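Novice: Here are the chains, one letter per residue:
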Amino acid sequence: MSFESELSKGQFCIPECLACKKIVWPPSEFCDNCNEITFLKKGDFEGKIIEFSKQNEDYFCMVEFYNSIRLMAKMSKIPKKDQIIKISRCGISNGSYFFEII
Amino acid sequence: MSKVGIIAYGTTPFTKEDHKIESILHKSTNDLFQKNPNIDKKEIDAVLVSTNNNSKYLSPILSEMTGIQPKIAHSIESLCNSGTNSIVSAFAYISSGLADMVLISGAERYDSPGQILEWDNSRGEFKHPIFWASIFSKSYKQKFGISDEELAIVSVKNHKQAKENPNALSKKTYTIQDVVNSKKLTDDLRLLDCSRPCTGSASILLASEEVVRKNTDRPVWITGIGQKTTSAGFTKNNSLSSMESTKIAGQSALKMANHTISDIDVAEVHDAFSVCEPMALESLGFVNPGKGMSIINDLHETNNFKINPRGGLIGTGHPLGATGISQTIEIVQQLQKSAEKRQTDNAEVGLIHNMSAAATSSTVLVLEK
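If you're matching them up, the sequences are chains A and B in order. Mapping of the first sequence onto numbering that gives the first Met the number 0: position 98 corresponds to residue 97, and the numbering continues sequentially without gaps. Mapping of the second sequence onto numbering that gives the first Met the number 0: position 92 corresponds to residue 91, and the numbering continues sequentially without gaps.
Hint data in this document are derived by calculation from the structure and do not stem from the laboratory. None of the values given here were measured: they were computed from a predicted structure. Treat the hints with caution; some may be incorrect.
[What the hints assert, rightly or not] Listed next, with one range per pair, are the computed distances between beta-carbon atoms:
| hint | chain 1 | residue 1 | chain 2 | residue 2 | range |
| --- | --- | --- | --- | --- | --- |
| 1 | A | G90 | B | K40 | 49 to 59 Å |
| 2 | A | S1 | B | S95 | 37 to 47 Å |
| 3 | A | S27 | B | K142 | 28 to 38 Å |
| 4 | A | G42 | B | S1 | 52 to 62 Å |
The beta-carbon is built from N, C-alpha and C at its ideal position, and this holds for glycine as well.
Same shape as in the complex, but just chain B:
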């Protein structure tokens, strides 16, 4: 399989502002081209748009607005992991030889229809994500003897880290008491345990090895990809305290990259809700089941940004179609040593974990210099 690398990226701030989807897609793409003026748009073979927005024909629209006439142009929707799924599609186009350079632009509005999976009637009247998150939280806390205060450290840590991210939705830091005393959504979930829907866009440019080497002297390569979908419906999850799709996707990605989890220096994991972070770390194999909060606590106390350096979904905000791309950009910055105040030490191998609909589907990427 031929190598696929990342040449360039662009982003918008994640906000609660009301912008047209076409406008924010254009904004992050424009940011990419402004930062990389030497990129020849004529060489872009494909434009992929990652979004859950209902607007039509977004990829040809973005192509026209940015002056690109690609061979391939279409949208990709897969709820919360649309972004990394788009990156995987771009990887496949390039590694198969169908394209040499692919632009991926992800965007969402604060009112995204992707927040609720209407099809999943097994959830009864409890279709909002706070209900599956409450069931996960209750099950995880009970199985491993974790308190609300302990779980709140995820939110405290990720808001703290987001404060160093100029594009993050959250600009505040919180204490454990702030989190446990924030608005009670259910008995097992507080407002500050949740990532927030928002408006934002992120764009990234992938290319074949030859094109990468022509365009940048700081390439980052996608060396591992793993994906797994176990179901669409939340109630099909066999375990309510671990993520089966994440476990399988993580193993596949690490195997492809010829690495073990101990080789990972920095990771973005899908903390849609506080409980998701320890569950993801355990399912990826960073720690044994039930030990996720130990590592999170240690990282927080030592001010180590190894996990979710940009502030995770909880701190950065969660514009669904842009999230996986934003996570990937963060790891690129970490590997290129350009993450400024968020920079982790000795970042050589990074991992991205992006999932959908109560972990029924997961995508894991491994990136290296």
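For reference, chain A alone in the conformation it holds in the complex:
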């Protein structure tokens, strides 16, 4: 089970090092702190919107999870800074990750 194999099934996981309790982002097989193997935490994670802008009808947002993971995600409704969100849809398309939030 890898981050990408889970993501390609539409499951967003959080990579974590059990040895040093560090969330590792971007996702990696190894911890960037202690070099141990990372594990994937599954769940319905809550994040918050850090910043956003808009292109055509869609908003693109920088969102943060656990004060350490930041990623860019699409949102269809008007976002607000510090708004609490969840990932509603994610996956891999043409080699690139995609994330949608509500």
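Using the hints provided, position chain B relative to the given structure of chain A.
Specialist: Relative to chain A, chain B alone:
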């Protein structure tokens, strides 16, 4: 550490034309040798090629095409700051004694693969640079109460200055309304806020003190170097309204040169997008946070070319691998008082700021006569 200076330079115009990478590398290098016929190619110990192009073995190819048989020949890629990173590598070769004379040639085509960092999946489907630029712009404008019209002055100023640069991509001037009414790429970014990918090449020749003094009576010395990489991924930037890597690189370069920012008479800063210019000026310490647009506005109104005299990336165009070298050539010309209509007053100490991938990596150079 032994002194390293700049002997000579050459360039091509920056255009939208379709040329082979090998051809434009050769063209700017040839320009260098034509302008400096007394340089003995046999004395060139290293040839470094700065590019994001996927063609292979470019440094040995350029060496063969120009009749050089260097000891050291390789390419250097670091997205948008490949050029100054190559200059730093050349500096290290010379100051360590591994080389006495190094040719650096940077080039890019308009369709460079270096425009998008495919690895950075944290950007999701928003990998094009216009998305990080929009987030920076939104954050900066909101934090410091800057309007789109105020930010547009960067583009107006740099297009105006580029008009005096015969090698610049842009030949036009624009008004604030032209910029804010140009094609809307996102809610926070217009087309004229962006530097444009293009085809171009720039070459520069560095040497040890003894070789510099033998070859030119107008040497320019690299007296300060600072580099910092904070991450590769855009979303790792802690601040979206300042440039941490630039701040650290700038401080290192000024410390090495034994100068403060107030000693800098002329600077080329990496205005990949309008918002980058005030952010860079603030992060380098020219002004306090949020005050970048004040100095830019003053310079524009007084027709002072102190910042980005060649027209910046916005006016000159941005052939990634050539940009840092082109910026450096501009500062050399300023210090040598040969910048013609772009010449600034009393240019004795100059600075170059060149960065990559949403300011995740910065290189700063200080140059002096």
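Novice: Can you list which hints this structure breaks, lowest number first?
Specialist: Nothing - there is no hint that the structure violates, so all of them hold.
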